[in-house]
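Model the full structure from these sequences, guided by the hints.
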Amino acid sequence: MNRNITLFLLLSLSFNRLLAQQDSVQKTVQQRQLFFTDSVSSALFNFSKNSPLLIKELIPERISRISIGQQLEKGKLVNAQGSTKTNLSYLSSDGSINLSGLKLYGAFYYHKVFEDSTRFAHQSRNNTSTPYYYGSPTNNHYERSIYNFNTLATKDFLSNKISAGVGFDYHIADHFSNNDPRGSLKEYQLDSKISLGYNFTENIKIGGGLNIGYGKEEVNIGYKNRAYYESTAYPRYVNYLINGYGEPDPKLTNRNYTNGFSRLGYNGTVKILNTNLGSFYFNINQVEEKQVYDYRTSSGIYDLSKYNLTKLNLDILWTKKLSKGTISSVVNFVNWDGADFNTRFLAKNYVYTKNEINLKIDYAKPAKKHLYNYTFSLNNFSEDRLDGITGNKINYNNITFNGNFGFLSRLSNYRSISINFGTHYILPLKDNFFVNNVTEKLFTQEVIIYDYLYNTTQRFGGSITADYSFPFFKFMQASVKLNMVYTDKVGMKTLDRNVTSLPGKDRFSSNISLNLYF
Amino acid sequence: MKQFFYFLLLFGITLTACKKDKTTDIQPVDLSIKVLYDIQTSGYTLPLNNVVVKITNVNTGSVQSTKVNDKGEIIFTNTPAGIYDIDANVTIDAANYSQITSIQTTSPVTFNASSKNTQITVGFTGSINLKLVAGKTADWVIKQIYYAGSDNKNGALYRDQFIEFYNNSDKVLYADSLCFADITGFLSGPNNYNLLPSGQYDWSKSVGMPLNIDANNDYVYSRALFMIPGTGKQYPIQPGASIVVAQNAINHKAPFTGVDGKVVTVIDPSLTVDLSGANFETYYGNLPGVNPLSSDVDTQIPNVEVIQYFGRDMIFDTNGRYSFVLFKVDGTVNVKTLPQYNLPTKATPAATATKTIQIPIKFVLDAVEIQPNTADERIAKKFTPALDAGFTFVPLGGYKSQSVIRKTDKTLNGRIILKDTNNSTEDFDYLNIANPRGFK
Numbered sequence: 000m001n002r003n004i005t006l007f008l009l010l011s012l013s014f015n016r017l018l019a020q021q022d023s024v025q026k027t028v029q030q031r032q033l034f035f036t037d038s039v040s041s042a043l044f045n046f047s048k049n050s051p052l053l054i055k056e057l058i059p060e061r062i063s064r065i066s067i068g069q070q071l072e073k074g075k076l077v078n079a080q081g082s083t084k085t086n087l088s089y090l091s092s093d094g095s096i097n098l099s100g101l102k103l104y105g106a107f108y109y110h111k112v113f114e115d116s117t118r119f120a121h122q123s124r125n126n127t128s129t130p131y132y133y134g135s136p137t138n139n140h141y142e143r144s145i146y147n148f149n150t151l152a153t154k155d156f157l158s159n160k161i162s163a164g165v166g167f168d169y170h171i172a173d174h175f176s177n178n179d180p181r182g183s184l185k186e187y188q189l190d191s192k193i194s195l196g197y198n199f200t201e202n203i204k205i206g207g208g209l210n211i212g213y214g215k216e217e218v219n220i221g222y223k224n225r226a227y228y229e230s231t232a233y234p235r236y237v238n239y240l241i242n243g244y245g246e247p248d249p250k251l252t253n254r255n256y257t258n259g260f261s262r263l264g265y266n267g268t269v270k271i272l273n274t275n276l277g278s279f280y281f282n283i284n285q286v287e288e289k290q291v292y293d294y295r296t297s298s299g300i301y302d303l304s305k306y307n308l309t310k311l312n313l314d315i316l317w318t319k320k321l322s323k324g325t326i327s328s329v330v331n332f333v334n335w336d337g338a339d340f341n342t343r344f345l346a347k348n349y350v351y352t353k354n355e356i357n358l359k360i361d362y363a364k365p366a367k368k369h370l371y372n373y374t375f376s377l378n379n380f381s382e383d384r385l386d387g388i389t390g391n392k393i394n395y396n397n398i399t400f401n402g403n404f405g406f407l408s409r410l411s412n413y414r415s416i417s418i419n420f421g422t423h424y425i426l427p428l429k430d431n432f433f434v435n436n437v438t439e440k441l442f443t444q445e446v447i448i449y450d451y452l453y454n455t456t457q458r459f460g461g462s463i464t465a466d467y468s469f470p471f472f473k474f475m476q477a478s479v480k481l482n483m484v485y486t487d488k489v490g491m492k493t494l495d496r497n498v499t500s501l502p503g504k505d506r507f508s509s510n511i512s513l514n515l516y517f
Numbered sequence: 000m001k002q003f004f005y006f007l008l009l010f011g012i013t014l015t016a017c018k019k020d021k022t023t024d025i026q027p028v029d030l031s032i033k034v035l036y037d038i039q040t041s042g043y044t045l046p047l048n049n050v051v052v053k054i055t056n057v058n059t060g061s062v063q064s065t066k067v068n069d070k071g072e073i074i075f076t077n078t079p080a081g082i083y084d085i086d087a088n089v090t091i092d093a094a095n096y097s098q099i100t101s102i103q104t105t106s107p108v109t110f111n112a113s114s115k116n117t118q119i120t121v122g123f124t125g126s127i128n129l130k131l132v133a134g135k136t137a138d139w140v141i142k143q144i145y146y147a148g149s150d151n152k153n154g155a156l157y158r159d160q161f162i163e164f165y166n167n168s169d170k171v172l173y174a175d176s177l178c179f180a181d182i183t184g185f186l187s188g189p190n191n192y193n194l195l196p197s198g199q200y201d202w203s204k205s206v207g208m209p210l211n212i213d214a215n216n217d218y219v220y221s222r223a224l225f226m227i228p229g230t231g232k233q234y235p236i237q238p239g240a241s242i243v244v245a246q247n248a249i250n251h252k253a254p255f256t257g258v259d260g261k262v263v264t265v266i267d268p269s270l271t272v273d274l275s276g277a278n279f280e281t282y283y284g285n286l287p288g289v290n291p292l293s294s295d296v297d298t299q300i301p302n303v304e305v306i307q308y309f310g311r312d313m314i315f316d317t318n319g320r321y322s323f324v325l326f327k328v329d330g331t332v333n334v335k336t337l338p339q340y341n342l343p344t345k346a347t348p349a350a351t352a353t354k355t356i357q358i359p360i361k362f363v364l365d366a367v368e369i370q371p372n373t374a375d376e377r378i379a380k381k382f383t384p385a386l387d388a389g390f391t392f393v394p395l396g397g398y399k400s401q402s403v404i405r406k407t408d409k410t411l412n413g414r415i416i417l418k419d420t421n422n423s424t425e426d427f428d429y430l431n432i433a434n435p436r437g438f439k
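Residue numbers (numbering that gives the first Met the number 0), protein chains in the order written: chain A, 0 to 517; chain B, 0 to 439.
Rather than coming from a laboratory, the hints here were simulated on the basis of the structure. Certain hints may be false.
[As the list claims (entries may be wrong)] Lysine-lysine pairs mimicking DSS-like chemistry, simulated, CA-CA at most 30 angstroms apart:
| hint | chain 1 | residue 1 | chain 2 | residue 2 |
| --- | --- | --- | --- | --- |
| 1 | B | Lys-21 | A | Lys-215 |
| 2 | A | Lys-440 | B | Lys-21 |
| 3 | B | Lys-53 | A | Lys-347 |
| 4 | B | Lys-152 | A | Lys-347 |
| 5 | A | Lys-223 | B | Lys-152 |
| 6 | B | Lys-33 | A | Lys-440 |
| 7 | A | Lys-492 | B | Lys-53 |
| 8 | B | Lys-21 | A | Lys-392 |
| 9 | A | Lys-310 | A | Lys-429 |
| 10 | B | Lys-53 | A | Lys-440 |
As structure tokens, then:
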């Protein structure tokens, strides 16, 4: 009997311990899920990806998530070279871990994109400032398979006086259209960051290093119907070479090129932590990117164009715990300066400038079983394109206001539900429009003028996001997230010239995802 | 905290240092054009204010057109640098022309000038001068050229090619001894030749070329030359009627038996033409050293006299890189003994190198410059404005059944008069399916 009692007690104890352990696991994984529902935590998490020297403080010791989702975007309120209907399936995963002082962050994503009607852009979607690419007036059905791998790692040495960090981003993608003209673009990009930091004190740290990268794009335009490339008699199927920001030339033969990228720049980080005013993080990333376009045959390599693009990003994060919540503010300044070297005229023909200032304030206020998220952001965006051959000069500057309110409620058994409402308003501030009407043809009408009208259009919209989270297989937390965004055209400029193509009325996007946290 | 402020200071300096030059090295230019008549020694002055100048960007196809002022000047402002075809054109009515020049004429006189493939460079500040010349118009014109051939799988390839000549006058003309030639010029490729600034052959550098002639402006050079037979008045052609010279005067829509005994059929007869009604054909079967194509059937249709040839039949370049002249020599010259010269190679040509026949343009009745259908395949013009101020081409390119055809100008008492301003860009259109004796 005693033996039985002892056995029962042991079993009970083990079971209770097991239950307690299980309880602890579920609590931990729920906290990991809740980390991403907190707007301030998310802001800090996203900010940390700017430099390996930031992940130590801003990313939890251990967190992992996997997402699988489907996104649909639809509507003609989109830039001229965008797609009027996009179906995106994705699988993404990221996480962090601390291995004996080595802090690691890794991410992977795979995107499979189906674009219904892409025009004048046999391009990837990540080099849109370039002056040199192919494009066709017809609606192309594009399929894109995109893989991204990102890693950041940091470790302190010499009694934590020195921090070393590295980061690698590898991007590989395959884009092709399955109707004439059949664009095919294969690309890869590899970027690395190497940083060294000096920690003056526990709370004041400074670092800097190099950004080095390279990549390649191989572009080819094929046809099933020979008649479409044997002449310009079928204008909608003509493959054009866009080389600047004016009317392009038909490119019927030798329809391929290679674009080689090389990047070199610097990065810098300053951290001032735990002051009475909160914690401050400053980060700067600068890269000089050189793109060399060439045509390769067995007899040699012929330069087609060169494009230099300087990218500067300055990010400032301030965060502070307040009496009832946590606040964070991110200020982000982006400047891109691009200029080409036109090998036909042996001179600089195209100048591109982008300036962006973002201010985002997040306030997360936890209550007993609730969490309230307040977000306000401002984005001032301006873009200039200058084409010397035609004298085209287009500039626009607009501001986007964004406000979000979110509410999360913790339910029993580690479940939670959250809902988030947002609104956005895009207000054009000023612009400059000169398009040489001497040269005006299809590209000018359907891309340059269209984009000017799109970018100077007032837009207003709203969004709603709902997220239901629950334990999953006892060692994971799952959430099902649904998000919908609607944007409506409020007002558009009129132009005193022939306009053949106008942006549509609205744009809708929806996203559903299953997310696992562990 | 001090370090932080140093950092901000450093950052500010960096931002300032990063300021880029945001101007381009290229700006649109003001293109100044001046036209004048090439009649300096004539003693009279023709009006300039109706001259129309047209500039066409070869690559983008954008066109601007306007009249010059009474000094013959015009400025096209904000013109992008690039390659342009520049054309000037004016037609002076017969009464006005007769009054000004005291040269009696019953037809309007058209003057043309052109500067094709003209590079307008970045920062161009000069002026382009164009000399208006009166085109030679004759009673005979080249009416239709079917050089492109038809589909190489479903059609008749190039064996259905033909050329058509038209009596554009109001009197009966005789086709006897009428000659036509396939005119050669520099196409592209390794530059092993002496070339003019225009990019065409510099014929004056051909071996043996006399020094006392203007080899580039007073002559054209053939790679194939044909003559219509006849005794002088054997082949009368009525006003408004034409003669068709076929590579093979057979109905290409229907099966026929080739010289090798095999039956030749086309998969899609709608792509080709019936040339059984042609007036003449070419036959290479009796030429020395030629292994004729199996399609080169010697039909009942009379053969033209083949004076110069290449290949295995009268095959026109389906890409449109060669041009055509129609001419008739006078009694002082024998076509068969016209001088022959090598291409103007930089190196001394081999004794066996191909020779071209030198044709004096004074004998040319009509000339049509053909070019490839796409801008990036364009080649330097072979003809001066005195022969053809423009050029023409079939828009779909080779093997698409299209022909170039001279436009109808007007119909007078039931007789169709074809347009002839000596500028084939203006005078010619195209047919989607070549049509011997058709009109457009």
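To see whether the hints hold, each was checked on the structure:
{"no.": "1", "hint": "Lys-21(B) - Lys-215(A)", "in the structure": "holds (27 angstroms)"}
{"no.": "2", "hint": "Lys-440(A) - Lys-21(B)", "in the structure": "holds (26 angstroms)"}
{"no.": "3", "hint": "Lys-53(B) - Lys-347(A)", "in the structure": "holds (29 angstroms)"}
{"no.": "4", "hint": "Lys-152(B) - Lys-347(A)", "in the structure": "violated (47 angstroms)"}
{"no.": "5", "hint": "Lys-223(A) - Lys-152(B)", "in the structure": "holds (16 angstroms)"}
{"no.": "6", "hint": "Lys-33(B) - Lys-440(A)", "in the structure": "holds (27 angstroms)"}
{"no.": "7", "hint": "Lys-492(A) - Lys-53(B)", "in the structure": "violated (34 angstroms)"}
{"no.": "8", "hint": "Lys-21(B) - Lys-392(A)", "in the structure": "holds (11 angstroms)"}
{"no.": "9", "hint": "Lys-310(A) - Lys-429(A)", "in the structure": "holds (23 angstroms)"}
{"no.": "10", "hint": "Lys-53(B) - Lys-440(A)", "in the structure": "holds (17 angstroms)"}
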